[in-house]
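Asks: Here is how the chains run, residue by residue.
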Amino acid sequence: DSGVTQTPKHLITATGQRVTLRCSPRSGDLSVYWYQQSLDQGLQFLIHYYNGEERAKGNILERFSAQQFPDLHSELNLSSLELGDSALYFCASSVEGMSNQPQHFGDGTRLSIL
Amino acid sequence: AQKVTQAQTEISVVEKEDVTLDCVYETRDTTYYLFWYKQPPSGELVFLIRRNSFDEQNEISGRYSWNFQKSTSSFNFTITASQVVDSAVYFCALSENSGAGSYQLTFGKGTKLSVIP
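The listed protein sequences derive, respectively, from chains S and V. Each residue of the first sequence is one higher than the last, beginning at 1 in our numbering. Each residue of the second sequence is one higher than the last, beginning at 115 in our numbering.
By construction, these hints were calculated from the structure, which means they are not laboratory data. Just so you know, even glycine gets a beta-carbon here, dropped at the ideal spot from N, CA and C. Hints may contain errors.
Derived coverage of chain S by chain V (criterion: at least 3 residues anywhere in the stretch with Cβ under 8 Å from a Cβ of chain V; other residues may be distant) [to be verified]:
#1 46-56
#2 79-89
#3 102-112
With a cut-off of at most 25 Å between alpha-carbon atoms, the simulated DMTMM-like pairs for lysine to aspartate or glutamate come out as follows [to be verified]:
#4 V:K226 / V:E131
#5 V:K117 / S:D1
#6 V:K223 / S:D71
#7 V:K184 / V:E129
#8 S:K9 / V:D143
#9 S:K57 / V:E140
#10 V:K117 / S:D40
#11 V:K226 / S:D40
#12 V:K152 / V:D136
#13 V:K223 / S:D107
#14 V:K226 / V:D143
#15 V:K226 / V:E124
#16 V:K223 / S:D40
#17 V:K152 / S:E96
#18 V:K152 / S:D40
#19 V:K130 / V:D200
#20 S:K57 / S:E82
#21 V:K226 / S:D1
#22 V:K226 / V:E140
#23 S:K9 / V:D200
#24 V:K223 / V:E173
#25 V:K223 / S:E82
#26 S:K57 / V:D143
#27 V:K152 / S:E82
#28 V:K223 / V:E170
#29 S:K57 / V:E124
#30 V:K152 / S:D107
#31 V:K226 / S:D107
#32 V:K152 / V:E131
Work out the full structure: start from the sequences and follow the hints.
Replies: Pasting the structure below:
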């Protein structure tokens, strides 16, 4: 158990809809990262938050947004969903976000777009 | 841009055989960190090891060992006496500076290891 909690585990929805994925980091971790894992793109970094502030963006679509709340949990919002958004979405956390700190991953949310 | 290459897409071995998973990376940074993660069939990503660019000592943890060679930009992972429970996808990753004090992981495509009883 990594200590990172992601909900829901599975999400099935239709094209054009909007969903929210939730992540609670490990106790004491201030950094939260979001990654997308798909068959064609592999594991890709989406966005990083540190103590409520956005720190870096990766290959995140404009239809996607995220935030980190004062209690440090984070939400990833995906809107105008397309079939290609079907993927496993991981949240990871680390103490501060420094390069030497391993990121600990949650179990992921599997998003299926019908 | 940084890059991580895991040339072996899939490997199958018979239980108790040794197996080495290759990882080659590219970076312009002089200080960097490398990681290995395991993704079992259940889907979660499990952190296995971290290695910094200054430490080229090999590391052994039980049946797992890692060989880091800066001269060839490789960070290979060996499982000795493989077991069925080792069946998983293994990812090599490089910590990349995203700017503004942020570091993201750049992952290889992964190597799927199947251990046959």
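Asks: Hint numbers the structure violates, sorted upward?
Replies: Going through the list in order, the structure violates hints 2, 5, 6, 7, 8, 14, 27, 29 and respects the others.
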